[in-house]
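Undergrad: Sequence:
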Amino acid sequence: MSGEDKSRLDKVVAEARRQALERGQGYREQALKMYPWVCGRCGREFTRANVHELTVHHRNHDHDYNPPDGSNWELLCLYCHDNEHQRLLEAEANPTGAQSGRSAKGATHNPFAGLKDLLK
Numbered sequence: 001m002s003g004e005d006k007s008r009l010d011k012v013v014a015e016a017r018r019q020a021l022e023r024g025q026g027y028r029e030q031a032l033k034m035y036p037w038v039c040g041r042c043g044r045e046f047t048r049a050n051v052h053e054l055t056v057h058h059r060n061h062d063h064d065y066n067p068p069d070g071s072n073w074e075l076l077c078l079y080c081h082d083n084e085h086q087r088l089l090e091a092e093a094n095p096t097g098a099q100s101g102r103s104a105k106g107a108t109h110n111p112f113a114g115l116k117d118l119l120k
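Once you know that position 96 of the sequence shown is 96 in my numbering, the rest is easy, because the numbers rise by one and skip nothing.
None of these hints come from the bench; they were simulated from the model.
There could be a bad hint or two in this list.
[Claimed, not checked] Label-pair ranges, simulated between beta-carbon atoms: (1) Gly43 x Ala113: 38 to 44 angstroms; (2) Asp62 x Ser7: 27 to 33 angstroms; (3) Val51 x Asn94: 32 to 38 angstroms.
C-beta atoms are modelled at their ideal positions from N, C-alpha and C, and glycine is treated no differently.
Work the whole structure out from these sequences, hints included.
TA: Right under this line is the structure:
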């Protein structure tokens, strides 16, 4: 890649990041005005001192879909937001819901199975 191409690519990437940041600030500010500062999952309440820990979650996971009525948003604390995205990643990785390599009933090993005999 030539120096000119790299420079042009750097400008395109920088502009895309700037636009995404502006878009994010726009819907975040709208959501914070529209909804009470309470996590939609755990119910934790926020104040001006800690509102930076409150995130805007896109219900359909499309960050470009931001209707002005806020119907695609919910406010979640950092922990619940991370949990929501982790659940999505796990569901995508395992769409059938079956547990790979493990029984669907859960753990079968009992570490104390022979303890009663040892205590005699």
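Undergrad: Each hint: holds or not?
TA: Going down the list of hints, with the structure as the test:
1. Taken as a hint, the range 38 to 44 angstroms holds for the pair Gly43 and Ala113, whose Cβ atoms sit roughly 41 angstroms apart.
2. Checked against the hint of 27 to 33 angstroms, the C-beta distance between Asp62 and Ser7 comes to roughly 32 angstroms, which is consistent with it.
3. Between Val51 and Asn94, the C-beta spacing of about 35 angstroms keeps the proposed range 32 to 38 angstroms intact.
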